[in-house]
Amino acid sequence: MNIKNNFFFLIYLLAMHSMNAQNALALLTQEKQFVAGSTILLEFKTRNARKYQLYCTNSYGSTLLNSEINKDTLVFKIPKYISDKTGVVGWKIVGLKESISGKFKIVPKAKPVLLESYIGPPSIEAGGTDFTMLVVIPTDDFDNPLKQYTKVGIKHQFMTSEKETNIFTNNLIAYQTIFSPLKSGRMILSAESLGLNSKEYDVNIMPAIGTNFDIFSKRNHAYADGNQITTFTTSIIKDKNNNIVSDGTFVTFFITNKKGNILKTSGTTINGIANAKMIHPDHQENWRIKAYIAGISESNPLEISYTKVIETFDVHFSDTNRVLKVGPLKSFMNQRIPDGLRVTLSIYKEGAFVNNIFKTTNDGFVTFDLDPNIYENGNYNLEVTAAGITQTFKTKKLW
Amino acid sequence: MVNTNKIILRSVLIISYLVIISILIFLISSLFSYFNTGADRSSMLHTEVKKIDQYTPKISWKDDGNEGRYMDPQTLSSIENDYLDAWYVKHIANKTNLKNGIDDFYTKSARKNLFNFIEHNKEENIAIESTTLAHNPDILFFSEDGQLLVLEDKNVIEYKKFIKDNAFVIETTETSDYKGLFLLEDGFWRIRHLVKERTSEFDKTTLPSLLGSSNIKGINYYPQATPWDMFGENFDLTIIEKDFEIIMKAGLNTIRIFVPYKDFGKAKVKEPKLNKLKQVLDAAEKSNLKVVVTLFDFYGDYDVLDWTLNHRHAEIIVSKFKDHKAILAWDVKNEPNLDFESRGKELVISWLEHLIILIKSIDKNHAVTIGWSNIKSAEILKDNLDFVSFHYYEDVHEFEEKYEFLKKLIPNKPIVLGEFGVSSYSGAWKPFGNSEKIQAGYYKEMQKILTKKNLSFMSWTLYDFDTIPKEVVGVLPWRVNPQKEFGFINSKGVKKPAFEYISK
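Going line by line, the protein sequences match chains B and X.
With this note's numbering applied, the first sequence corresponds to residues 1 to 399, in that order.
With this note's numbering applied, the second sequence corresponds to residues 1 to 504, in that order.
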């Protein structure tokens, strides 16, 4: 009884086993790792000629593959676009009750064919605090980043120094921060990995911000003729490491006059020097000048004075005192003052201010015409002011 | 006589003058207003942001700093946007085998890799419906000039369903780790390199939660005036509180309510709706009633690309109320098996499966079920659920036998009869229908079996309704009218004979 039972059990086991074997596929491919670009075949031992589909997924996408049968092996050929790309490839045979699945890894080739390099920022400030960064991604012929800890050499040249440092890839990339030298100029960089060299990259090392500077003035003469021009210049403005500041650095000159009013002029640097101009005053003046690079640095103060050119002038009344001819206005060599000197006529009637009339000289003269329709007949006080000098005419009768 | 005629003539003239003038003024003014209305001038600038949620997988940034430049929150948010969009366009491409949008999110050399798959799948007539449910990205490196970054995304949960020649082939859920190199090009963070570093089957096991009550005597509840629109404009808490009082006094301990998906705002659940739900739950707690909350009412899309939106919807509601004392259980969806035919059985089941995982990951204390519409479907996903619930509207005499059969199939999970009932309608559309007396008899019979088998139940429903929205049973009058009279209380508020058997 017992033997008979055992016998049936044995038969049952055998039957089950053969049924399982009919159903199951046995994986023949043992490799779990392939190099990108190699031909990958997934082979299974099979007993029947049934075809299967294979679900297959890599870093970029998923698809279904069809099988081929070669005698008693079932073969799935992994297409090139999957076998070329690194990463884990997962697979699973479709339509089996007991699923057969697995995964294998595709690793990049050992040697790079391209050093994909990115550098930035492209210009940095001299002085050793600012820095730029070179990122290098060595990739193989199938555009796969090389494996972790691939050695990358970074070379850089600046003036007389040439340096090389070695770094290693991590998280797909290798990177190096490069701090600026003290001097401004151009730094040249390149990368190398396993015998492959990158092209040349350059980084502009810009001067840092300017330090305090001196200013000077230059003028034809010291007369306050309202005509000549005074030029202000700076010393060569440099950064703290003696680099001349970048061309185009904006310098503003603030001029404070005797009354405390402020005049402003400005210029931008070329080779570290900024120029700015201002027309001479038309009366005696003392100017106090200071220049600034806004928010960055300032100059020493500079004081200059302008001397009077006109001591006095004539005023001739005519035509019922309604026409005033002022002049001739004469300059420092008794030459007629250049056209454009401002002359002001202030008109008062019975102590009350009536009007100011402004005119500029022409050939050393200014003529004021008082219109009877505006200025009725009567007694007026008249003041004529030119080059800071005022002449007063009391109770002039207009009629 | 002449005088009168003259007056008539004059008044007619004056009136017609007034009429003509008013018509003219009306015409001119409407012409004037026509030319002065229309689009707001500011709309010329196109300043409005037209963005709708299409893809909202759970994204949890690992905030542990990075090498290189400091990552500011604004850049991080634009990276998140572009990274998710890169996945989204890939899902679209998987589904349609078209290349639209890929150019924006993959660099020239990276997009080739996607195009290879698209071409192969197109040739083989393979479509992949795919989505990702979770991302855990971490910035590893950000270059000093802010133009390049390396990102690691661990445990990405990817779901894929393959369709070849219009037939379902295989579905997979995997968790994978990715490393990606991104470049900032044309204002887009584009994927330059992507490497899958690890992948494994997604572990679908969840921890069981106990059903908080072994003796559910319940009812499916809608207010009488607002059936299928409980949280709408006419939400009235005082009515609901009164109804809960009636339910409690009738000897019941549980209600089942429904949260409509669209009405609650889909992925962006509206705060006012949550407030209303909270008031209902608070009121139930006050009346000592437990609540089975049925999610995703009036939802029937199940599209794989819709899943992430569904998940955010469930996440917001479940995480808000998981500690509420009134909650008894979450019913993922009411009668999803009715959508098997139109949406595909595999799709609906996968949808349910992933929602169960999500809900159980958020709320570890409350039981989760699905309200199957018939006893036949009740064993689907039985291992994933904490208790099985089904609806029974068939012959009362066959109930016991069918229940016994189910009990044998599912011996170790609690079973709840989630809906049952009968309409008392008889009228023009169903002349040989039921009466209130037959309804009472039905409940008497059912209660006998329920007590005998000690089976938890929730009947359908408290009230007769005056209107049934067409989304429920359609517009056919022989369907709509019986549906109106399933209540224990008629629409005038009078208890029907069946009320006697509401709880025993």
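Note that these hints are calculated values from the structure, not bench results.
Nothing here was measured: the structure is a model prediction, and the numbers come from that model.
Please note that the accuracy of each hint is not assured.
[Claimed, not checked] Computed list of lysine-lysine pairs in DSBU-like fashion (alpha-carbon distance at most 30 angstroms, straight line):
(1) B/K147 <-> X/K496
(2) B/K109 <-> X/K108
(3) B/K105 <-> X/K112
(4) B/K183 <-> B/K290
(5) X/K164 <-> B/K77
(6) B/K147 <-> X/K154
(7) X/K112 <-> B/K147
(8) X/K122 <-> X/K242
(9) X/K122 <-> B/K103
(10) X/K320 <-> B/K105
(11) B/K105 <-> X/K58
(12) X/K430 <-> X/K496
(13) X/K492 <-> B/K32
(14) X/K408 <-> B/K97
(15) X/K108 <-> B/K77
(16) X/K286 <-> X/K430
(17) X/K492 <-> B/K105
(18) B/K92 <-> X/K164
(19) B/K51 <-> X/K345
(20) X/K204 <-> B/K92
(21) B/K105 <-> X/K408
(22) B/K103 <-> X/K154
(23) B/K105 <-> X/K62
(24) X/K242 <-> B/K77
(25) X/K242 <-> X/K496
(26) B/K32 <-> X/K154
(27) X/K325 <-> B/K105
[Said to hold, decoys possible] Covered stretches of chain X (in silico footprint by chain B; criterion: 3 or more residues with CB under 8 angstroms from a CB of chain B, positions within the stretch not fixed):
(28) 120-126
(29) 221-231
Note that the Cβ used here is the ideal one computed from N, Cα and C, for glycine as well.
Coverage claim, chain B over the region 120-126 of chain X, checked by counting residues with Cβ within 8 angstroms (three needed)
holds (count 4)
Quickly compare the C-alpha distance for B/K32 and X/K154 to 30 angstroms and report which way the hint goes.
holds (22 angstroms)
Take the C-alpha atoms of X/K242 and B/K77, compute the straight-line distance between them, and say whether it is at most 30 angstroms.
violated (70 angstroms)
Is X/K242 close enough to X/K496, meaning Cα to Cα at most 30 angstroms?
holds (18 angstroms)
Holds or violated: B/K147 with X/K496, Cα cutoff 30 angstroms?
Violated, at about 78 angstroms.
Is X/K122 within 30 angstroms of X/K242, Cα to Cα?
Not OK: X/K122 and X/K242 at ~60 angstroms, beyond 30 angstroms, violated.
Hinted pair X/K286 and X/K430, Cα distance within 30 angstroms
violated (41 angstroms)
Given pair status - B/K147, X/K112, alpha carbons within 30 angstroms:
Since the Cα atoms of X/K112 and B/K147 sit roughly 22 angstroms apart, the hinted pair holds (cutoff 30 angstroms).
Under the criterion that the straight-line Cα-Cα distance not exceed 30 angstroms, is the pair X/K108, B/K77 satisfied?
holds (27 angstroms)
Holds or violated: B/K92 and X/K164, Cα atoms, limit 30 angstroms.
With a Cα-Cα distance of about 16 angstroms, the restraint between B/K92 and X/K164 holds, given a limit of 30 angstroms.
Can you confirm whether the C-alpha distance between B/K147 and X/K154 stays at or below 30 angstroms?
Status holds; Cα separation ~19 angstroms.
Given the hint that X/K204 pairs with B/K92, does the C-alpha gap stay at or below 30 angstroms?
Holds - the C-alpha atoms of B/K92 and X/K204 are around 18 angstroms apart, at most 30 angstroms.
In terms of the numbered hints stated before, the structure departs from hints 1, 8, 10, 13, 16, 17, 21, 24, 27 and 29, listed from lowest to highest.
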